[in-house]
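Input sequences plus hints: build the corresponding full structure.
Now for the letters of each chain:
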Amino acid sequence: MISSSILKKSQSLIALLLLMIVLSIVTDKFLTAGNLWNVLRQISVNMCLSIGMTLVILTAGIDLSVGAVLGLSGAICAGLLKSGISIPAMDLWIGFTVLGAIVAAITVGTALGLFNGWVITRFSVPPFVATLSMLTVARGLTFLYTQGQPISDLGANFEKIGAAWFLGVPVPVWISALFILVFYVLTTKTSLGRFIYAIGGNEKAAQVSGVPIQKVKWIVYALSGAMAAIGGVLVTSRLNSAQPNAGINYELDAIAAIVIGGTSLSGGQGSVKGTIIGAILIGVLNNGLVLLNVSPFWQQVVKGLVILLAVIVDKMNQKAK
Amino acid sequence: MLRKILISVIAIVLVTQSVRFEKLSEHVKTAAGNADYANFTEKVKNIIQKGVLENSLLTEESQLIKQLNNNLTNAKKELGNRLGIGESAYFLVKGKSTIASINENEIQLANGSVIDTQFIFGNEIRDASRMVKLEDFKSQKDLNALTEALNKHVREVIIPQEIKGLKVGDNISYIGACEVAPTDIPVKALTIYPVEIKH
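Quick mapping for you: the protein sequence lines, in order, are chains A and G. For the first sequence, counting from 1, position 267 maps to 267 in the working numbering; every step adds exactly one. For the second sequence, counting from 1, position 45 maps to 45 in the working numbering; every step adds exactly one.
Hints may contain errors.
[Claimed, not checked] Straight-line alpha carbon distances no greater than 25 Å define the calculated DMTMM-like cross-link-like pairs of lysine to aspartate or glutamate that follow:
no., chain 1, residue 1, chain 2, residue 2
1, A, 82, G, 142
2, A, 160, G, 136
3, G, 133, A, 153
4, G, 23, A, 91
5, A, 82, G, 148
6, G, 164, G, 54
7, A, 160, G, 135
8, A, 319, A, 203
9, G, 43, A, 153
10, G, 94, G, 184
11, G, 43, G, 184
12, G, 96, G, 162
13, A, 189, A, 203
14, G, 45, G, 22
15, G, 152, G, 104
16, G, 152, G, 54
17, G, 66, G, 148
18, G, 94, G, 170
19, G, 152, A, 153
20, G, 133, G, 78
21, G, 94, G, 42
22, G, 167, G, 156
23, G, 45, A, 153
24, A, 82, G, 26
25, A, 82, G, 22
26, G, 45, G, 184
27, A, 160, G, 142
28, A, 82, G, 156
29, G, 96, G, 54
30, G, 23, A, 153
[To be verified] Distance ranges between label pairs, derived from CB positions:
no., chain 1, residue 1, chain 2, residue 2, range
31, A, 294, G, 137, 19 to 27 Å
32, G, 6, A, 302, 45 to 53 Å
33, G, 185, A, 168, 55 to 63 Å
34, G, 3, A, 123, 15 to 23 Å
35, A, 156, G, 86, 43 to 51 Å
36, G, 3, A, 88, 37 to 45 Å
37, A, 89, G, 169, 46 to 54 Å
38, G, 42, A, 90, 36 to 44 Å
Calculated directly from the structure, the hints in this document are not laboratory data. Every residue gets a Cβ at the ideal spot worked out from N, C-alpha and C, and that includes glycine.
Below, the structure written as structure tokens:
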């Protein structure tokens, strides 16, 4: 007989399987190869955001700026690719290759994440407030940079990142799978991973034990920003265009995936594995609601209720312990 | 030491593979002939030559006005075209008149019509030519790129050559496209987007 602890640990996976079974029964379009690849392609952006933010939440923090950082990084990537940088005073033009634009976008995302970490540790600003401020700043910078206009026609090579297939699998799925592997190893096999859990479990105890709290927090927020930037590159490439309002509310889907995946908002508990299941569950839920022709307004309501349910279950589990 | 060397090598590779430097003045010159325009040059010339100048739908201005006012629906069906949704249609027109006045935006003709020489940004020439079909384009973006290339060619290549030296009182002949909506009826004169102006 399956023990109750195994059931508790696997509840998000069970929920995902149940949801997939129900959708397979109620709509014949769900269980098709085309649709399932589409779901995986769609969740690859949320996957990047949520595995990055998992580290932050494991330290008992939160990063509300990931959607806005995604938008800004995507816009910078597109802008550099399309127009480069002109320095009239030096009669100099710097053009960017696809690699250059991507590296620049990730650098920007990492720098913004690092700034979040610095503000949080240096001034003891609650992560919620610091990253909420960054959300507004990054969103404003995106509109300033793009002048509120999309940046389009970024070239066939760049478009391939979001649209092409490699060995029968969409490229964004390969990219998110690579980062899942990296973050899984980072959280389970490295001292940084152990420090992250220690800080989230009990920050004071971790400090006494010699865990470099400030450095670890800088790193996790920087990684969260970097993953948001990678998400921005994927979105921009998929659309072959940077939209000034890209990434709005993406942070909510990322938090939902993390919470549904069993990571505690209080920190110290959870895993990248759980986040993957949470992200897939959110993606399947989104896809199912679309296939069932549920109004977009009701989709928001359903998603909100699912997140609420996940948090309630998390709290009940904590109390039971 | 090895770590520093490795990081330096990666940094050098990243920089050399990521950016290229040009003189800004040289880059601006190159960028002026942008890719879309270059890609569509032949197609644009073909639309102007075959779709407008040699098109059998090209109608004398007075005759077109008469047909429009008699029965707009029939005129639209026989002579007009429009790719998108809307009440108005685009027509090919040729005429002769005397220049009444000229300014930087337009040529006012003695017969009341106007030749626009500045704001060539719409779909008049593209649609009136009947040479562009939606199914030939993979996306709206590609269609827009061709439209802009066509308008740009008219605006920046044809018109500056054709209006050089024109002055008030000159007798000219012209070929172009115009838009007519039901609210324009009865039509007395047209606004023409030219592809040819002869003195």
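Checked hints:
1. A/82 x G/142: 17 Å, holds
2. A/160 x G/136: 23 Å, holds
3. G/133 x A/153: 22 Å, holds
4. G/23 x A/91: 6 Å, holds
5. A/82 x G/148: Given pair residue 82 of chain A, residue 148 of chain G holds - Cα atoms ~18 Å apart, limit 25 Å.
6. G/164 x G/54: Roughly 24 Å separates the two Cα atoms, so the pair holds.
7. A/160 x G/135: 24 Å, holds
8. A/319 x A/203: 21 Å, holds
9. G/43 x A/153: The hint holds at about 20 Å.
10. G/94 x G/184: Holds. Residue 94 of chain G to residue 184 of chain G sits at ~19 Å (cutoff 25 Å).
11. G/43 x G/184: 32 Å, violated
12. G/96 x G/162: The given pair, whose Cα atoms are some 15 Å apart, holds under the 25 Å limit.
13. A/189 x A/203: 21 Å, holds
14. G/45 x G/22: 32 Å, violated
15. G/152 x G/104: Holds - the C-alpha atoms of residue 104 of chain G and residue 152 of chain G are around 17 Å apart, at most 25 Å.
16. G/152 x G/54: 21 Å, holds
17. G/66 x G/148: Violated, at about 32 Å.
18. G/94 x G/170: Satisfied, since the Cα-Cα distance of roughly 17 Å is no more than 25 Å.
19. G/152 x A/153: 18 Å, holds
20. G/133 x G/78: 17 Å, holds
21. G/94 x G/42: 24 Å, holds
22. G/167 x G/156: 20 Å, holds
23. G/45 x A/153: Cα-Cα ~24 Å, so holds.
24. A/82 x G/26: 17 Å, holds
25. A/82 x G/22: 15 Å, holds
26. G/45 x G/184: 31 Å, violated
27. A/160 x G/142: Holds - the C-alpha atoms of residue 142 of chain G and residue 160 of chain A are around 18 Å apart, at most 25 Å.
28. A/82 x G/156: 23 Å, holds
29. G/96 x G/54: The hint holds at about 17 Å.
30. G/23 x A/153: Given that 25 Å is the threshold and the Cα spacing comes to 24 Å, the pair holds.
31. A/294 x G/137: 19 to 27 Å: 33 Å, violated
32. G/6 x A/302: 45 to 53 Å: For residue 302 of chain A against residue 6 of chain G, whose Cβ atoms are near 50 Å apart, the range 45 to 53 Å holds.
33. G/185 x A/168: 55 to 63 Å: 59 Å, holds
34. G/3 x A/123: 15 to 23 Å: 33 Å, violated
35. A/156 x G/86: 43 to 51 Å: 33 Å, violated
36. G/3 x A/88: 37 to 45 Å: Since residue 3 of chain G and residue 88 of chain A have Cβ atoms about 40 Å apart, the given range 37 to 45 Å holds.
37. A/89 x G/169: 46 to 54 Å: Taking Cβ atoms as reference, residue 89 of chain A and residue 169 of chain G lie about 50 Å apart, which means the hint holds.
38. G/42 x A/90: 36 to 44 Å: Cβ of residue 42 of chain G to Cβ of residue 90 of chain A: about 38 Å, so the range 36 to 44 Å holds.
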